[in-house]
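**Q** If you want the building blocks of each chain, they are given just below.
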Amino acid sequence: MPVARSLRNIGHRVVNAVWRAGFAARFFAMTLLYSGTSFRRFHLVVREMFSSGVMSLIIILVSGMFVGMVLGLQGYETLKRYGSESALGTLVALSLVRELGPVLAALLFASRAGSAMTAEIGLMKATEQISAMEMMAVNPIARVVAPRFWAGVISMPLLSAMFSAMGVFGGYVVGVVLIGVDEGSFWSQMQSAVDFQHDVLNGVIKSFVFGVAVTVIALFEGYDAPPTAEGVSGATTRTVVQSSLAILILDFILTAFMFRGD
Amino acid sequence: MERTTLDLWVGAFVVAGIGALVVLAMKVGNLSTYNVSESYQLQAYFDNIGGLKSQASIKSAGVLVGRVTEVRLDTDSYKARVTMNIDKRYQFPKDTFANILTSGLLGEQYIGLMPGGDTETLKNGEIIKKTQSAMVLEDLIGKFIYSKAEGSNEGSK
Amino acid sequence: MSSQALVEISDVNFAYDSRPILKGINMTFPKGKLIAIMGLSGCGKTTILRHIGGVLRPTRGYVKVDGQVMHELDHDNLYRMRRKMGMLFQFGALFTDMTVYDNVAFQMREHTQLPEEIIHDMVMMKLHAVGLYGTQNLMPAELSGGMARRVALARTIALDPMLIMYDEPFAGLDPISLTVVGQLIRRLNDALGATSIVVTHDVQESLKIVDYIYFVSDGAIIAEGTADDIRASGEAFVHQFVHGEMDGPIPFHYPGGNYKQDLGVRA
Numbered sequence: 000m001p002v003a004r005s006l007r008n009i010g011h012r013v014v015n016a017v018w019r020a021g022f023a024a025r026f027f028a029m030t031l032l033y034s035g036t037s038f039r040r041f042h043l044v045v046r047e048m049f050s051s052g053v054m055s056l057i058i059i060l061v062s063g064m065f066v067g068m069v070l071g072l073q074g075y076e077t078l079k080r081y082g083s084e085s086a087l088g089t090l091v092a093l094s095l096v097r098e099l100g101p102v103l104a105a106l107l108f109a110s111r112a113g114s115a116m117t118a119e120i121g122l123m124k125a126t127e128q129i130s131a132m133e134m135m136a137v138n139p140i141a142r143v144v145a146p147r148f149w150a151g152v153i154s155m156p157l158l159s160a161m162f163s164a165m166g167v168f169g170g171y172v173v174g175v176v177l178i179g180v181d182e183g184s185f186w187s188q189m190q191s192a193v194d195f196q197h198d199v200l201n202g203v204i205k206s207f208v209f210g211v212a213v214t215v216i217a218l219f220e221g222y223d224a225p226p227t228a229e230g231v232s233g234a235t236t237r238t239v240v241q242s243s244l245a246i247l248i249l250d251f252i253l254t255a256f257m258f259r260g261d
Numbered sequence: 000m001e002r003t004t005l006d007l008w009v010g011a012f013v014v015a016g017i018g019a020l021v022v023l024a025m026k027v028g029n030l031s032t033y034n035v036s037e038s039y040q041l042q043a044y045f046d047n048i049g050g051l052k053s054q055a056s057i058k059s060a061g062v063l064v065g066r067v068t069e070v071r072l073d074t075d076s077y078k079a080r081v082t083m084n085i086d087k088r089y090q091f092p093k094d095t096f097a098n099i100l101t102s103g104l105l106g107e108q109y110i111g112l113m114p115g116g117d118t119e120t121l122k123n124g125e126i127i128k129k130t131q132s133a134m135v136l137e138d139l140i141g142k143f144i145y146s147k148a149e150g151s152n153e154g155s156k
Numbered sequence: 000m001s002s003q004a005l006v007e008i009s010d011v012n013f014a015y016d017s018r019p020i021l022k023g024i025n026m027t028f029p030k031g032k033l034i035a036i037m038g039l040s041g042c043g044k045t046t047i048l049r050h051i052g053g054v055l056r057p058t059r060g061y062v063k064v065d066g067q068v069m070h071e072l073d074h075d076n077l078y079r080m081r082r083k084m085g086m087l088f089q090f091g092a093l094f095t096d097m098t099v100y101d102n103v104a105f106q107m108r109e110h111t112q113l114p115e116e117i118i119h120d121m122v123m124m125k126l127h128a129v130g131l132y133g134t135q136n137l138m139p140a141e142l143s144g145g146m147a148r149r150v151a152l153a154r155t156i157a158l159d160p161m162l163i164m165y166d167e168p169f170a171g172l173d174p175i176s177l178t179v180v181g182q183l184i185r186r187l188n189d190a191l192g193a194t195s196i197v198v199t200h201d202v203q204e205s206l207k208i209v210d211y212i213y214f215v216s217d218g219a220i221i222a223e224g225t226a227d228d229i230r231a232s233g234e235a236f237v238h239q240f241v242h243g244e245m246d247g248p249i250p251f252h253y254p255g256g257n258y259k260q261d262l263g264v265r266a
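Protein chains in written order, with numbering that gives the first Met the number 0: chain A, 0 to 261; chain B, 0 to 156; chain C, 0 to 266.
Have a look at the derived ranges for each label pair, beta carbon to beta carbon:
no., chain 1, residue 1, chain 2, residue 2, range
1, A, Ile252, B, Glu37, 27 to 37 Å
2, C, Met97, A, Val61, 27 to 37 Å
3, C, Gly255, A, Met54, 46 to 56 Å
4, B, Gly115, A, Val61, 49 to 59 Å
5, A, Phe258, B, Ser102, 18 to 28 Å
6, A, Glu76, C, Asn136, 51 to 61 Å
7, C, Asn12, A, Ile248, 43 to 53 Å
8, C, Phe251, A, Glu229, 24 to 34 Å
Computed footprint of chain C on chain A; a stretch qualifies when at least three of its residues, placed anywhere within it, have a C-beta under 8 Å from a C-beta of chain C:
no., region
9, 118-130
10, 135-144
These aren't lab readings, by the way, just hints derived from the structure by calculation.
All residues carry an ideal CB built from backbone N, CA and C; glycine is no exception.
Sequences and hints are given; from them, build the entire structure.
**A** What follows is the structure, encoded as structure tokens:
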């Protein structure tokens, strides 16, 4: 009965996925519930901000710069056809602040810091460090998971802002310095088109949501990983795949709510 | 790593991040030209606002003086009521004229204020009486075709 | 003996899904004693430890520690109870992102409000007790297996627990480290006035140090007694286990059906 078997297979996968989603939601709730320690002992969060935020800086800054430069180049080529090169600043800034900054920074964050978080927690579990902590009457969610969660959530909007700022600079370098678009119109058109509340703040909200999604996925996958080398490497891969999907889907939903028409 | 070095790095990271946000707000965005606390509200009724949206700019003599905050239909008069936030630094006479204009042929729409000669100025919450609606391209084309058709009908008679 | 028992296991049954792991275990661990639970890998030894730590709930029966039934404690009381316990994990389970010093100081910082100078002195004392004074600034990755085990031991006894559990403390150690760790377990138990439970399959080393032994096979106790009792035991399985014989009640061959028939040899 190959039909019955594949139906059963599909059913099994769906049931499994729902179970895992439920576990992840419970895990997220526990993380929020046991966040007190992270704020009473903020140096725990600071330590994790170093490994997730500071360590992601170089890739974020370099990528931001190059994305902005490409935008400057491509944007110029396209806008030139309509004789509106002066709108280059608007194009570069709006695409970065609204979309590319939050989304690309989150994707880079997922593969740089998210996968590292999964691997770290997965290894701590495989080497019984998590069990040891529990036996020492220390709640691993409060001590290990929550500080990493808050570090990720705080770092993400900062990284995304740096990505966008770097991108605008890259666009400026290519557009104004190399190609020779008028500097005045570059900045003034940008400033009159980019609204602080509508564009910049919405971008920050986006990156905050992405930060929550990526860190929850990364931490859950690590915490849930089978305690073997295979289990941890599989979990790391799943973190990158799932958080990338989550970022893009959430981006669509958020964009639909934030920028519909008005 | 030593705790102090770590703190230093993270501190620099946070400052750089907030700095980037400030750059985005001031240099890239319009926060420097847009201050909610130092503004006053005016309202205006239009027969047709065309494609005017909230956040659209309000200009006088080409200078940005404020932004549209709300657009809604007034069900008593069936006119569009537009609420505007105007920078406190700019005061306008009572008989100011509000036009809905288009930047360029197909660009976005904005409100242009043309000051009159009255000595009294508009206060917070007051209504601009003199308005001119947007020029809607369809209406213009419609009028044009209609007049053409009229003309050709007359010719065939 | 039972009046002075620190840990009491009464008719504990436990099953994963429907696969029975423990079948009616009864054990008592008197105060101040060092007791071993022995058996083959996968016989349920570690599961017993997990019940004592309150990680698992028995499907029937109960585990009492210091007069309290473990599976009836709520989260806060369970954690309060665990502070009085120490557990040494199979490979030490040192926190790999912390130095030796921070590892040993971990529980002191988490559970006490002691000033850093006192913590420093306590850490040095614990490290000295396991003979590793001077390693405080090393990372766990820089330690040998035996040293890591001793650091983990120092961390386990950081808050002077009343009950110390050891999960395979001898696994993967060279003969010298083996003796060192064995002697440390005995000495620390006596010095702290604690009660220790050692789960192991290392017969020779543990027989040298323990007061009493429970033999577990397939989820049930099949023999118990002092080291001499066990050495002299007539039980076929215990004999095979203690003397490490190849064939006996635990057969060399997996029960895989008729091998000769498979090869087509007619008997």
